[in-house]
Amino acid sequence: MKVVIIEYNAGNLFSVQAALNRLKVKAIVSNEPQIIQNADKVIFPGVGEMASAMKYLRETRLLEIIRNLTQPVLGICLGLQLFCRHSEENDSLGIGIFEANVKRFPPSEKVPHMGWNQIHKLKGPLFENIPDGANLYFVHSYYAEILPETCGESHYILPFSAAIQKENYFAVQFHPEKSGKAGEEILRNFLSIKMNSQDHSPI
Amino acid sequence: MLTKRIIPCLDVQNGETVKGINFVNLRSAGDPVALGKRYSEEGADELVYLDISASIEGRKTFRELVSRVAQELNIPFTVGGGIKSIADISALLKAGADKVSVNTAAVVNPHLIDEAAKAFGSQCIVVAIDAKAVEKKWLLTIYGGREQSQINALEWAKELQERGAGEILLTSMDHDGTKNGFALELTAQMSEMLSIPVIASGGAGTMDHFADVFTIGKADAALAASVFHFREIPIPQLKKYLQEKQIPVRI
Numbered sequence: 775m776k777v778v779i780i781e782y783n784a785g786n787l788f789s790v791q792a793a794l795n796r797l798k799v800k801a802i803v804s805n806e807p808q809i810i811q812n813a814d815k816v817i818f819p820g821v822g823e824m825a826s827a828m829k830y831l832r833e834t835r836l837l838e839i840i841r842n843l844t845q846p847v848l849g850i851c852l853g854l855q856l857f858c859r860h861s862e863e864n865d866s867l868g869i870g871i872f873e874a875n876v877k878r879f880p881p882s883e884k885v886p887h888m889g890w891n892q893i894h895k896l897k898g899p900l901f902e903n904i905p906d907g908a909n910l911y912f913v914h915s916y917y918a919e920i921l922p923e924t925c926g927e928s929h930y931i932l933p934f935s936a937a938i939q940k941e942n943y944f945a946v947q948f949h950p951e952k953s954g955k956a957g958e959e960i961l962r963n964f965l966s967i968k969m970n971s972q973d974h975s976p977i
Numbered sequence: 009m010l011t012k013r014i015i016p017c018l019d020v021q022n023g024e025t026v027k028g029i030n031f032v033n034l035r036s037a038g039d040p041v042a043l044g045k046r047y048s049e050e051g052a053d054e055l056v057y058l059d060i061s062a063s064i065e066g067r068k069t070f071r072e073l074v075s076r077v078a079q080e081l082n083i084p085f086t087v088g089g090g091i092k093s094i095a096d097i098s099a100l101l102k103a104g105a106d107k108v109s110v111n112t113a114a115v116v117n118p119h120l121i122d123e124a125a126k127a128f129g130s131q132c133i134v135v136a137i138d139a140k141a142v143e144k145k146w147l148l149t150i151y152g153g154r155e156q157s158q159i160n161a162l163e164w165a166k167e168l169q170e171r172g173a174g175e176i177l178l179t180s181m182d183h184d185g186t187k188n189g190f191a192l193e194l195t196a197q198m199s200e201m202l203s204i205p206v207i208a209s210g211g212a213g214t215m216d217h218f219a220d221v222f223t224i225g226k227a228d229a230a231l232a233a234s235v236f237h238f239r240e241i242p243i244p245q246l247k248k249y250l251q252e253k254q255i256p257v258r259i
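Protein chains in written order, with the working numbering: chain A, 775 to 977; chain B, 9 to 259.
Isolated chain A (complex conformation) (with noise of 0.2 Å):
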């Protein structure tokens, strides 16, 4: 299986990487648009700002590659931000695959959501055996509202999506690589996951 963790100036690419390792899998880095499409598996990481974010996909034409992909693709934190139409984050558009919007948390309590929280009403692929409840790790100012693919809650200051899926594209707010055990199992449920429907061929 070729899983590659795309390359791109907000990467928190190492601990992804390292996380795969600890799970006996070799993901390639890479900004290649080849490379990427050729992949059976796509992860999407980032930590760092929006706006500057899709400048460089932008630039580098990867936010067409990554917009156009089949395959499974995970994106993990800004990866999930990135993926919604708009973020409040320097008023940016993002690449638009969910119709969310991304606002910062009010201030009613500290910011950024820092720490362990916990996770409930989850659905599909990405969660099996993972308990209603289950604390995961999450650094993030921002947030995606529940949205109809929305597949995970989480409650800080308020509901907001945790987790969202449609059709090949599943993304996370929280930090599956740095959250214990249970972020172990969800990467790994990632990896197991097979598209039916496309048209895509490993090679």
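Keep in mind the hints are simulated off the structure, nothing from the lab. Don't be surprised by glycine CBs; every beta carbon is placed ideally from N, CA and C. Fair warning: there could be bad hints in the mix.
Unchecked claim - Label-pair restraints from in silico Cβ distances:
no., chain 1, residue 1, chain 2, residue 2, range
1, B, Ser-203, A, Arg-841, 31 to 41 Å
2, A, Asn-783, B, Val-116, 28 to 38 Å
3, A, Lys-897, B, Met-9, 14 to 24 Å
Following the hints, complete the assembly by docking chain B onto the known chain A.
Coordinates of chain B only, in the frame set by chain A:
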């Protein structure tokens, strides 16, 4: 609900874990990677590795250690000790650290915090504040407690937040190593004043001390070293105790 974090701290010198009692007299407590893994398995929410080596060789060993920790650990960890520049921060983050903790360098050059937050994001910039009570005021000490400044610790914390620090690691030098409990009043004051998380450090001796620092001290996280290293307080037991006290923790 966001849980309160328990953070074991590992002081590392030349690749070995040590713990200072009032920052002198060091006692060895094992291999940093093995110890970190054990803590992670026991339920630690995060780890802090502090490099207390003074030599260039020691710094190099520490960076290698950071990348080993990043390979092995599946929870977040912060590294600190001797960070002076953006290049130091960049090297440690590249080695796989999730956050860096800056101390004296932030006092010497406060712009470092603005620059670091801009370059790497506030979420990975922790600033350590070592405070000491002097004539009823909490003042900053720097250079590992060797130099007393006249800077007010609370005002400094506020400034750091404005400059883009993502978290404050607050140590009371009067409590550190005493095992008589955390500086509750100072911690509460700082935590209530700031909109970023405060990690309380210094003085943990009993499970009640942890409960107090979360309730009375309003800390977001609590850090300790020797009570964990020498198994005086096992982490699973501590978490169970806190849960019984209605304090939200990750079990």
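Checklist entry - Given a hinted range of 14 to 24 Å, is it respected by the beta-carbon distance of Lys-897 of chain A and Met-9 of chain B? => result The hinted range 14 to 24 Å holds for Lys-897 of chain A and Met-9 of chain B, with Cβ atoms some 22 Å apart.
Checklist entry - Are Asn-783 of chain A and Val-116 of chain B spaced within 28 to 38 Å by their CB atoms? => result holds (29 Å)
Next on the checklist: Between the beta carbons of Ser-203 of chain B and Arg-841 of chain A, is the distance compatible with 31 to 41 Å?
Outcome noted: holds (36 Å)
In terms of the numbered hints stated before, the structure departs from none.
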